[in-house]
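Going line by line, the protein sequences match chains A and B.
The numbering used here numbers the first residue of the first sequence as 1 and each following residue consecutively.
The numbering used here numbers the first residue of the second sequence as 1001 and each following residue consecutively.
It is worth saying that the hints were derived from the structure and are not from the lab.
Among these hints, one or two may not hold up.
Heads up, simulated PhoX-like pairs for lysine-lysine below, C-alpha to C-alpha not over 25 Å straight-line [unchecked claim]: (1) B:1410 to A:21; (2) B:1021 to A:413; (3) B:1276 to A:350; (4) B:1197 to B:1176; (5) B:1308 to A:445; (6) B:1012 to A:350.
Since this is a predicted model, take the numbers as computed values, not measurements.
There are 2 protein chains.
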Amino acid sequence: MANGVLVKIISKLLRVGSAEKLEKVLRTSFPEEIKSIFSQLDHSQKNVLFNLLFNPKVASRTVRDFTPELLEELFNHMPWETALELVKKLQPDDAADLFGKLSSEKVQRFLTSLDPAQKNQISKLLAYDKTTAGGIMNSNVFSLSQTATVQEAIEAVRTQTQAPMIFYLYIIDEQKHLVGIVSLRQLIMSQPSAVLKDVMSTNVSAILVNQSQAEVAQLMTRHNFLAAPVVDEEKKLLGVITVDDVMGVIQEEATQNLYRMAGVEKDERVFTPIRKSIKNRATWLLINLATCVLAAQVVNIFEGTIQKVVMLATFLPIVASMGGISGSQTLTIMVRGLALGEVAISDAWKVIVKELYVGVANGVINGLVMAIVAYYWKGVPVLGLVLMLSMIGNLFIAALVGALVPIGLKTIKIDPAVASAVIVTTFTDCFGFFSFLGLATLLVKYLV
Amino acid sequence: MANGVLVKIISKLLRVGSAEKLEKVLRTSFPEEIKSIFSQLDHSQKNVLFNLLFNPKVASRTVRDFTPELLEELFNHMPWETALELVKKLQPDDAADLFGKLSSEKVQRFLTSLDPAQKNQISKLLAYDKTTAGGIMNSNVFSLSQTATVQEAIEAVRTQTQAPMIFYLYIIDEQKHLVGIVSLRQLIMSQPSAVLKDVMSTNVSAILVNQSQAEVAQLMTRHNFLAAPVVDEEKKLLGVITVDDVMGVIQEEATQNLYRMAGVEKDERVFTPIRKSIKNRATWLLINLATCVLAAQVVNIFEGTIQKVVMLATFLPIVASMGGISGSQTLTIMVRGLALGEVAISDAWKVIVKELYVGVANGVINGLVMAIVAYYWKGVPVLGLVLMLSMIGNLFIAALVGALVPIGLKTIKIDPAVASAVIVTTFTDCFGFFSFLGLATLLVKYLV
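Just chain A, with the same shape it has in the complex:
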C-alpha cells in the first residue's frame, strides 16, 4: 500500500473510532511506514489514535501484538504528558509488559513520574522473569477477608471496577495468605448474611510465582481453569493469571516451537525490520554452513570413488534429503510430544523402539522404490543395492538420533526445539554420505 492510501485509511478509522481495525492496519505495517504516516497526522489525530490503542480495555492486546520497534515509534510521536497519563491508567501487568518492550531510558523516565504505589507494583512485576507465572500475572487481584459477609462481597463486586474479569473472589487471612475461593455463582447462591469463611471452597489450586509460563498454560488448559491465583512459597497471594493471558502464551509457545525447528528467532514476525531479520537468520544459516562443511568433508574422503563412478554424485542429494526428512518427522513428533507433556523421559524408550521400527520399515519401502528407479535409470543393479542399503541404514540413524537428541536436550534442560534440527541433519547427512559412498567404494568394481 502506498503511504498516501494508508494515511487516508487511518484517518477514516480514527473518525469512526475502530480500535480493532486500526490495530490491525498498524500491526501489518513496517515501523518505517508508521514513522512516515505519523508525520502526516495532526496533533488531535495522534491523540485519538493513542486513546484508541491504549485504553485499558484493549491495551494488553496492543502491547502483546506490537513489536518493540512499533511501540517505540508510537511513543516517540506522543507528547510526554499524554503518554504518562495513558500509562497511569494501565493495569500493572500491561504496564510491565509495555515497559519490557520500550527502551530503558523511556522506562526510567516513566517510573520516576508514577506515584509510589504504582511504581512499586510495576517494578515488582518487572523483576519477575518474563516467561514465568510472575511475568504474566496481573498483580491487581480481587481479594477479600475471610471474615467478610456474602452481602459485603456482592457490594464489593458491584463497586469494584478496576480489576478486570472477575470469576472468583480470592479469600485471604490477616497475613494475606490465600485460604479459599468463592465463585460468582456460589456468591449468588448463598445467604447474604453468611460469612465468606463458611461459603468458600478451601481446595484451591494455586500457581507458584516462579513456575514457567509453559507449565502454567498446560495446567490451565488441562483443568479448564478460567483464572488461577498466583502465590509465593508461603502461600501469600501475589496476583492472578486469567485465561486470556494463557491463550497468548499458548500461541506464543506454539509459534516458538515451530520457529526454533526452522531456525528462526522466536521474536521474528512478518513485519520485523529488515536489518533485524537479516541478523537473526544469518546466525542460523552460518551455524548450518559449518555443519554442512562437516558433511562435505565426508564426501571429500570419497572423491576418488566419485572420480571413478561419477553417477554417484547424482544420488547424493537424494541420500541427504531422505535422511533429513525422516529425521525431522521423528523429531517433530518427539519435540511436540515433550512440549505438550504427552511423553515423559521415563517412558521415552518405548517411543525410541517404535521410531526405530518405523524408520527401518520406511527405509525398506523407500529403498526398494529407489533401487528400482536407479536400476532403470542407470542400468547398474549394484547401484540400486547400494542405495537401498544406505537408505535403510540412514533412516534407522534418522529415527535413533531424531528420538534421542530431543530427549537428551530435555534431560540437560535445554529446549529440545532449539538445537535438535541442526544436530539431527548433521548426523543424517554425515552418516548418509558415509554409508552410501563407503558401500560404493567397497563395491566399486561392480559399479564401473
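Dock chain B against the given chain A, drawing on the hints supplied.
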C-alpha cells in the same frame, strides 16, 4: 515399563481415584499395552476406571486427548449397559466428539439406544463439519426469554446444574433469535424486579455455525471472549463455544501447522500404533523421493563437468542445504503469519520485497564465508566465486519461492502448511544445483 508394573500403578491409581494421573498413564501407553492391561483388571476395577475417565466433568478431556484406537480399546472392554449409561450422562458435544472417534457400528448402536431428544441433539452435532464452529460448540446452551426478570434469572442460574461454565446468559425472543446478553456480574448488579430486556446488552458478537474453528479461535483470543454464542444465518441460537473448547483448538492448530511443515500427518502422536505411523510417513517420504529424483536429474545433466572437476560433488550438499534452510525460514514466517492473520494477501507484496532483501543479504554474507572456506580448502579461487554467486542466487530464489508458494496456496484455498515445504525445497534444490553446476561448466577451464 513392563506390563506388570503398569497394572500395579493403575490398580493403585484406581484405589485413590486420581482421574488425572490415570488419564496420563493411559494416554502415554500404546493401545496394545492397554489391551493386555485390561485383561488383567477385574470387573469392578474396569468399572471404577470408566467412571473416573468419563464422568461428565473430565470426559471432554479424555475424549480430546485419547486416540481413536485407545477409545475403541476402552469401549471394547466395557459391558454394553455400563457404556450406554455413561454415554447418556455426557454433554451433547462430548458425546458427539466421542462418536467421531469410535467405529460406526458402535455409534449406530449407541444412537438407537439413546432417548429421542438426546439422539436428535447429538445427530445434529455430528452433522456439522468437525473443524467448524458447529463441530466444537456445545448445543446445551443456557438461554432465557427477554421477558423474564432478573430475580427469575438468578433463580434459573441457581437451579441450573446441567450447562457447564455459565458466564453469560443468552437472551432470546419467542422465535429463539438471539437478542441480547447478560453477564453474571450484571445480574448481581441489577434490581431483582428489572426485566432482562432492559438489563441486557444488545451488542452481541455471535459466531456463525459454519465458521472454521481456526477463525473462532482467532476471534475469541483477539477479543478475550470467555464464551461466544453460535447462531445460524437467521440469528437463531444454536449453541455456545467456551474458552476451554478454544484452547484445545489453538493447541491442535499449532501442532498441525508444525506437523504439516515436517511432513507428518496431523493426527499422529507419540503413541500412534506403529503400522499407522509407517503408512502416514511413507506417503510423505515417497513424495519427497519423487521430488529428489527431479533434483538428481539436474545433477545428472552436469555429470560431464563433475567428471572433470570432481570436487564439485563435495559442495553439492552445501548448496542444497543452505537453500533448503533459507527457504524454510521464509516459509515458516509466512505460514505462521498467514495462520495467525498477521499478514493478508493484499499486503503480501511488502513481505515479499522484504524477504528478497533478506535473502540476498544473507546470500552475500554466507556466500563470502563459503568462498573463503572453499579457497583455503581447495586452493581454487574461481571455485569460491562460483559458490558465492550460486549461493546468492539460490537464497534469492529461496526467499521468492518461500514467500510466494504459501500465498499462492492460500489464494486457491489450500492450507499453506501442507504442501509448501516440499514445493520450496524442490525449487531450491533444482535451482541451486543448476546455478552452481551451470556456472562451474561455464568457468570449467579455471577450475581444473
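Self-check item: Violated constraints from the hint list, given by number and in increasing order
Solution: none
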